[in-house]
Structures are given as structure tokens and as C-alpha cells.
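J.: Model the full assembly from the supplied sequences, consistent with the hints where possible.
2 protein chains.
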Amino acid sequence: MLARKELFKASLRKSTHAWKMIQDLRFTKEEAKELRIFIDEFSFMDVHWEMFLPAIKAQGTDEQQKQWVPLANKMKIIGCYAQTELGHGSNVRGLETTATFDPKTDEFVLNSPTLSSTKWWPGGLAKIATHALAHARLIIDDKDYGVHAFLVQLRSLDDHLTLPGITIHDIGMKFGSGAYNTMDNGSLIFDHVRIPRNQMLMRLAKVTREGKYVPSGVPMQLSYGIMVYVRQKIVFDASIALSRAVCIAARYSAVRRQFGSQNGSPETQVIDYKTQQARLFPLLASAYAIRFVSEWLNSFYLDLLQRLDAKDFSTLPEAHSCTSGLKSITTTVAADGIEECRKLCGGQGYLTSSGLPELFSVYVSACTYEGDNVVLLLQVARQLMKIISQLNSGNKPGGTTAYLGRAEQLKQYRSNVLRAEDWLKPNVLVEAFEARAARMTFACAQNLSKFNNSDDGFQELSVDLTEAAIAHCQLIVVSKFIEKLQQDIPGKGVKEQLGVLCSIYALFLVHKHLGDFLSTGVITPEQGSLANEQLRSLYSQVRPNAIALVDAFDYTDYFLGSVLGRYDGNVYPKLYEEAWKDPLNDTVIPDGFHQYVEPLLKQQYHNARL
Amino acid sequence: MLARKELFKASLRKSTHAWKMIQDLRFTKEEAKELRIFIDEFSFMDVHWEMFLPAIKAQGTDEQQKQWVPLANKMKIIGCYAQTELGHGSNVRGLETTATFDPKTDEFVLNSPTLSSTKWWPGGLAKIATHALAHARLIIDDKDYGVHAFLVQLRSLDDHLTLPGITIHDIGMKFGSGAYNTMDNGSLIFDHVRIPRNQMLMRLAKVTREGKYVPSGVPMQLSYGIMVYVRQKIVFDASIALSRAVCIAARYSAVRRQFGSQNGSPETQVIDYKTQQARLFPLLASAYAIRFVSEWLNSFYLDLLQRLDAKDFSTLPEAHSCTSGLKSITTTVAADGIEECRKLCGGQGYLTSSGLPELFSVYVSACTYEGDNVVLLLQVARQLMKIISQLNSGNKPGGTTAYLGRAEQLKQYRSNVLRAEDWLKPNVLVEAFEARAARMTFACAQNLSKFNNSDDGFQELSVDLTEAAIAHCQLIVVSKFIEKLQQDIPGKGVKEQLGVLCSIYALFLVHKHLGDFLSTGVITPEQGSLANEQLRSLYSQVRPNAIALVDAFDYTDYFLGSVLGRYDGNVYPKLYEEAWKDPLNDTVIPDGFHQYVEPLLKQQYHNARL
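Chains A and B supply the protein sequences, listed in that same order. Here the first sequence is numbered in UniProt numbering, starting from 1 and rising by one per residue. Here the second sequence is numbered in UniProt numbering, starting from 1 and rising by one per residue.
It should be emphasised that the hints constitute simulated quantities derived from the structure, not laboratory data. Heads up, a few of these hints could be off.
The list treats identical chains as one, so a pair stands whether inside a single copy or across any two.
Listed below are the simulated DSSO-like cross-link pairs for lysine-lysine, each with C-alpha atoms no more than 27 Å apart in a straight line [to be verified]:
1. Lys29 with Lys9
2. Lys66 with Lys602
3. Lys396 with Lys66
4. Lys5 with Lys602
5. Lys57 with Lys311
6. Lys480 with Lys495
7. Lys20 with Lys602
T.: In C-alpha cells form, the structure reads like this:
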């Protein structure tokens, strides 16, 4: 455990070394991204490349891009993304920082009028970034035009000192001992800081020399593009994070033995216990499920980009809703799943050397950043309600919401499962998930219609709405897993094994959300019990291949960073070896023993130097 | 964030200072315990007082107690409890360390024959303990008599150096940056270490000078006594841990505002959102529920002690089962609840200054130590199956399992709820929980009977069995909450508010486990939906008193250790102030900037000192 300063310094070394490699070896953009994944330590670099630069590209005019992108590409400047404030997170429209146009000097004056308007959380801000993309309310002639993005220089490019009118500091330690503490999340107060007019990003709207506000005609939703990009990337990251934890837990569960010894035989491998399988295998299945849905989401995003280029905005609402919802459910599953994997490793999972505590500490932030997971579900629910309200006017929903167009059919659906094996049929699963999601969604819409004020209704029913949104998103994941299985998959028996995982993923959800499926009348208690029976038999089927299925993630021991998850299974000698490295083992008598404990043992505690 | 050595040293200072206070101020045993709770930092002291000493009292003969208890009471020796081994946790019977009787010298020879027999995890062992209560297989004349407890001196009382034949070290960093890292959990290898024969604790069985093994006639179960004590204490600790987190999240939810501003009015307090209430209030209710069940469990334990003194062992199995089951479900709820509270605080919950990350890191170990939570549920299930198998032979179950004696009635039970308010009736709740638990339990028993080999059946059905055990334990908590409300409760309106919390606790479980209640036919989907409706209305009722209900825990700001949970609600200025204390803010230019980042900015990264 390094103290914060040393930890931060080491992180600077690693991230800049990576940049040197990227330059020297002339990595492509994709290769550079891969390298940053393998460094596996958050730093200012991530924010610069993943947020600052893409935002300029998305929201800057051609001219602005010409000016700023080369600087950022060469890292002659380093940027951060300064949006959230001490008092304002989810509600971006509530930001308080102001950017007031001064027609006399043709400048914007950035100001933080209150303590709660202090910029708070931006990574890279506290110690490294030279520039910020600061979000502030545009004020012209006392009129508030809402939140816009402004390029503000924070530090001198000569001596790195903060410029006049700018107060910055680090917001302190976060979860874990390493984890996100390599990132210098910062706070920022503007005291009437002036920037030239052309440093407002003006692709969506511009301010003229005369102080006239001119929207460009490009739809505001275009600014969602960056959100869609970031969130689909988070879904991919969720599959990585969860699969790491699952890999560690599965391998250690095969090494660990406990109970069940008969006549001096070895004890039973814990992976052979049904209770272990029932916790581990659904997570293994989820890791694959999230990976496949993220692949689909990425192709959806790439298609979106092409459409946007052709001024086709038709898929933007669905892209926004899908990425929001999938970001929410996959990060929740990954965060909870990592902690479950830690518990599956018993006491040893609590050791830092297991790799799991730090993985959890660094990962859980994903449930909050880039959209709080509950707020995101409400956004999905809002879109679902909108689709339903438009059904009567003949608007046929498409894409992932197409099933809502088959309302009448789904309202009458009853599962025809008779035997446990029937649950293996893809259409049985999809129909059950569709019917459940549709009925929960329509029930919400119906209950909403009873309120005079729809905002009041939405607030009152918000918990039901989030549950409907979850049902909808789980349907997407199940469907995309099944679609994946309809494609060619190379490798003998691979498709078959993935099919088993797909069934586990879906049937585990049926069991977990049995209340939904039963209360909507989609299945009967007997069918629920058959699902459970089938699930148990699937666990036995996946057991012989469980280790191969985590080996297939192809993580090096270095990347896993876990004594328990070692590929060679040589856990105990290495666990023992690793422990000796703790600084507390440098001496037999620990610091403080003579001052504090010895006097106590010698019954002279009044002499202790307390 | 202190580096490990400094953290440990600081902890030694605090715990020994507390001991000095306890002596100087002549604290009673109870007061001393309270003080250790408020120090709120695990150290060797806890193990010495809560495990080492009670174990000697429980398992030592009168003579042994006379010899060792005064030494331990005065802390002339400091003890640890060395049970688990690198390869052996839950399965105590599988321990490998041996204690072989040598009739020539009248000694036991302690030995660690394999790497996996290394003692692993005992707190206080690594750096401080002078003695260990080591659990080892007793071997006499090559015959293995199973695991017994032995008092072994580890270190010289003169210079604190480890004695010959003993190898000890610290097992390294654990979850979090502070958390349990103040504890020196250690590993221990014995290389033929000799101790006098009278250092085996001999209350349950003795070894004579001639090497004869003589059971004392005191039932082996008596050794459960210490487990019962420790686990009932863990249930109490769960209520403390969860209520701390709930207090922080509730107070901050009243301070935090987001969205919902109309015409420039302040935004809505997040505690007013139904989605927030539906996550926070069930946890508030759970904190109270766990507190009350822990009070009941403590009185049960005290009654058990009296009975044991009178050689009445009749309530021991139930005490063992109740403490196991309640330890399992309450620590799971508390651990998950703390993390949920952290998420309820949004981004700020991720800051160490919120107090929540470290509370979680230190707390989650409770799900694993003193019995893995899943293994414990299986023990409860085993007892439930035993009770059912004895029903036919006319054995009437008592105490918390008495309801299983009303099998026929419960198998036919159908809830008579017609309106949402019906769910407020205590008997409606208790009956529904009884019927659900009974039916799940009987279903398991019936399915088990289909197996030829009951061990195979138990393993195959173990997941269903754990679910039945959870249903049984939740019934206990609900019943004890309701019993509490039947007593006098001082304070105007207090009983009424607690009644609201009790209903929330129970109905939240109905909603969460709706699948159980529906599939067992205890309630209908309509009744489930009425429960949900009632729950929503209860949230509105508890809202005005939510802050008073967490203030009632009466925690000082010092004990809460959270900027977000401050009693005065002055969160933002203090959050800002607290952040400045991070060492990273000591200088404007961070260590490493000139070596690593500056050359990069100046496009001279080849000069960087990487």
C-alpha cells in the first residue's frame, strides 16, 4: 500500500511511459486503447483521450477542431472534462457555473457564483490537466441560454502553475487503497476567468461578435452522441471486469477443497458444490452475456455514426435508451458479481492479493458515473411510456422495442412449457421475457393514466417503472445472446457450451425474478419449478467445462493480478510467499511494540508513551 | 491513507491507550466493551478479550482457568485464537495441525505437517500475541482423537521474539485502505513445538499421564457455547454497522437536492424520490429489525447460560441454529445494505470522507468469518430437516420452529388479504411468513425423501435448502419485531413509528421474495400487488420521521466518521474543507510532474525519466 503521493507519482510514470511506447512503436488508435486497458490503472490519460478529445470532435466546429485537435492529439495540451459540480451531478441542466458574454472585450467570463457551483470530480483536473472543457450556463445580456461547453486554460504551459482566478485542488481519497486513487479527481472554482469568444464549442449553437445566439440547426440530441459512445464502452468494460472476477473465483473454486473427505480421500473441490455453482455459473453466463450484448451495442453505435453523418437521426432515441439501460443493468450486475466472486473465494477473497477487493473498489464507481443507474432506468422507462402512448396513433415501434407492437398477443401469452427441457427452446425463453416485459410496461402505462398530472404519476410509480425497465433491458440481453448463437461460431463444441450458458443466464433470471413472471401470469408455479430443475441440470453440464470457459477469456496472470486466480493453480505456496512482502514483515518486533505494548505486558502501562 | 506500518503502529497506540483508560477509570467489563466499540478499530485486544479468554473459560478445567485467566485478565499474556489453516476454514474437522502426545516427557508436540496446515488468519497472531489457543488433531499412540484446543506460548515474555520451532508472519493487506488492516492477521508454522500436557484444554476430555483419552461426560455441544456467544454478538454488530450506514445515507439524502426545480425554486430533496425511499427505508427498517432480533437473541443466550449451568442442554440445538441462521442473514443484509447506502449517496459516497467505503471494507468480512454465510444456512436447513423427520415420531418442535408442528394448517393456508390495509395486521404477516417458510421446508423434505442417499439429496437440493433456511430466518426476524411491538415502548408516537417500520420490513420482503410467496400459493398476485401498494403508502408515512428515526441511533459525528452524515447537515463546506487535507494538495506541482509529464507536454518525452 503506497501513500497517496507515491501512488500518484507511480501512476504518472506508468501512464507517460505508455504514451512513449505508443509513440515509439507507432501504435494505432486501437492498439493504444488496448495498451491502456492492460495498464489497468485510471489516469489523466483516460479522460484526455476518452472524453476531452471526443467531446471537442463532437461539439466543436470544423475550425475549432482544426485548432484544438492537433494540440490534444500530440498532448501539447492535456484536457479534462469539467461538468459535475459539488451540488450538481445527474441534473446537468441545474449546473450553476456561468459563462457571461462580455461584448466589450468579445470574451466569456467564467464564474463560480456559489460553493455548490464548484466543479467537483473531474479526473485529471487536480494536478495534471492544462485545459478543461468546462460546462457552464451561457449568459448573454442577462438572458440564460442553458448549459454549453467552454474550453478554458487552467494552467500555464510554462510552469504548470494555475492561472489567475482559478482555484484547484484534489478532492481526496476514494474507495480502496489503490483503485481510483491513481486519478487526480479535482475541484475547480472560477473567479471571473476570461476566455476568447471562440472557445465556446459552437457546433450546436454559436454566439456572434454582436452577442447574438444562433442555433446551428444541428439537433441538440447530437450532443447525446458522446454519451452513447461512453456508455456503450462502459458496457464492454463491465464484461471485462466481471469476467476477471469470475475467472479468479472459478479457478480458485477448483483449487479449494473443503468437506466431503471420505476415508482419507481429498476433500471435495468447492466448485462441485451446488451452492457454489448456483452463485458462480450464473455470473460466468452473465460475463458472456454482457460481452455479446456489448458487441451488438457497439455495432449499433457504429451504424448510428454512419446514419448521423447522413443526417439520419432516427435511431438516436433508441441508441440513447439502449445504452442507458444496458449501462445500468450491466454495471450493477458486474459490481454485485465481483463482490459475490470475492465471497465465493471465502476468507482468502478478503486479501488484497486475491485481486478482488481492489477490483471491486475501482469498479463500483461505474454504477454512479456517466449516469446514476437508477436515474438511467427511469430514462428507459420514460422512453417505454412514450412508445406506448404513441401506439394508438399507429406508430409502430422498432428495434429492441418492436415486441411492444404485439401488445395484444403478448397480453394473452401463456408459456407452454410442460417439461424441464422445454425451457431450453430459444423461442420459449424469448417469448416469456417479452411477455413479462410487455405486461409490466403496459401495467405501468395503465396505472400512469389514472393520474391527472403525469409527472406526479411518474414519480409515484417510479419504482414499478424501474422494474419494468429492468425487465425490458434483460430481454435485450437474452435476445442478443440467442441471436449470437444463431451465427457461425468456430471451434468444436463451442456453440453448444455457449448455448448452455445462454440458458443458464435466462433461467437464472427467471428464478431470480420469479415474482415478475408469476404475477404477470406469464408462467405457472409449476413451470417456475421446472425452470429451476432445468437450471440445476445445466449447472452439471457446465461444470466439466467451467475452467475452459474462463481460460477462454485469455487473461494473463499479470492482468488478473490475483494469487487465487493463477493459471497454474499453484495457489497456496504463492499465497504464502506473497504475504511475506507486507512491510509489516520487515521486522519481527513491530514499530510501536516497545512504546505501547511492552509496558502493558510488563504491567507498567503507566510508562507507556501514549 | 497511512502506509501499513504507520497504520498498525497508530492502532497499537489507540488500543493500549484504551486499556490504560479502562484500568485508570476502573471500567466495568461492560463499559470496557462499549469503549472498544467506540474506538471502532479492530486490534489484537478484540481477539484477546472476545475469543481467547472466553474460550479458556468455556473449555478449560477449573484448574486451568485458575492458572490462565488471571494472567489473561491482567494482560500479562496476550492471546490469539489459532484455528483456521491455509487449506482449512469452514471444515474444522479437516484441520491438519497435529498435537502428538509424548508419554516419555509428558508433553504434546505441536507440528504443521504440510503447507496447507499453516495456521492462517488468526488476528493478533502476526505481531502481538504471546500465546495462541491452537486447534490441532490430538494424536496418542498413532490414534487420531480429532481436533482439540492447546495453549501454546509463541513469543518470549522477555524480548517478544518468537520461540524456537515457531515461524510467524503477517498475511498481508486486506480490503480497504484502513479497515481491517489495523489487525495483524497472521500465519503460523509449528516445527515440533513441545508444550506440557496440562496445556490442552481439558474440560470436555482429558489426556492422563499414561496417555489415556478420557471424555469428561460434558456434552461436546458445550463447545458450541462459544460459537453461540460470538455469533449472537455478530448479529448485534450487524445492527450497528447497518444503522451507521443508514444514518449517513438518510441525512445526506435530506441535504442533497437534484432535479425538480420549478420557477427557480430549490431542487427536490433526494429523500423525497420514491426510488430513493424504496431503497433507503427498507434498510432503515432492517436496521431496527436486526437490533430487536439481536436483543431477543441475547436474552436467549443468557437463558442458555443459566440452563447450561443447571446441566439443561435442551435449548442448545435451537440456540446454535438460530445464531447460525441469524448471523448469516443479518450480516448479508448489513453488508449489502452498506453498499446500497453508499450508492444512495451518489458520487460523494465514493469518497473516503463519506465514511462508507471503509465501513463496507471492514464490514464485509463478517459474511465469511465465524462461519461462511452459505455454510451456516445449510446448517439451519439440516436442523429443519431433522425436525421434520422427527414430526412423525410425535416430537413436537418448540421455540422458533414451533410453527412446523402446525404443518397441516399451514399447508392449507391462503392469505385472506382483500385490501392493502389488511397487510398491516400482524397476524396476516406472521401467518404468511409461517406458511411460506413451512411450505418451502416441507417441499425440500419431500424432495429429499426421493433420494436413496440422503447426503446426495442434500447436496443436489442444497440451493433450495438455503432458500428455505432464509425463509425460516426471516420469519424469526418478523416475529420478534412484532413481539417487540407488543411490549411497552416509552415515548409519544414511538411505538406507532416502529410499527410502520415493522410493516415496511415485512412487506419489503414479501415484494423481494414475491416468487416464494406466489409459488407456494400463500398469496395471490393481486395480494402481492396490494402489498406493494401498501408499501408505497408506508414510505410516505415514514418520510416525515425518517431523520428522527436515524437520529435516534444517537451516534456522534465522531463515531459516524462521515462528512455526508453530519448531524448539522453542513455537508458541502465540510466536504470542500476535508478534501484539502489530502497530501496531494501539499504542493501545486505534484511529485513526478517534472520527471514524467512536463517532457511529454514539451514534446520531449524521450527525455522523461521513465
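J.: Look at each hint and say if it fits the structure.
T.: Checked hints:
no., hint, result
1, Lys29 with Lys9, "within (26 Å within a copy, 48 Å between copies)"
2, Lys66 with Lys602, "between (75 Å within a copy, 20 Å between copies)"
3, Lys396 with Lys66, "neither (42 Å within a copy, 85 Å between copies)"
4, Lys5 with Lys602, "between (39 Å within a copy, 23 Å between copies)"
5, Lys57 with Lys311, "within (17 Å within a copy, 80 Å between copies)"
6, Lys480 with Lys495, "within (14 Å within a copy, 52 Å between copies)"
7, Lys20 with Lys602, "between (58 Å within a copy, 13 Å between copies)"
The earlier numbered hint that this structure contradicts is number 3, and it is the only one.
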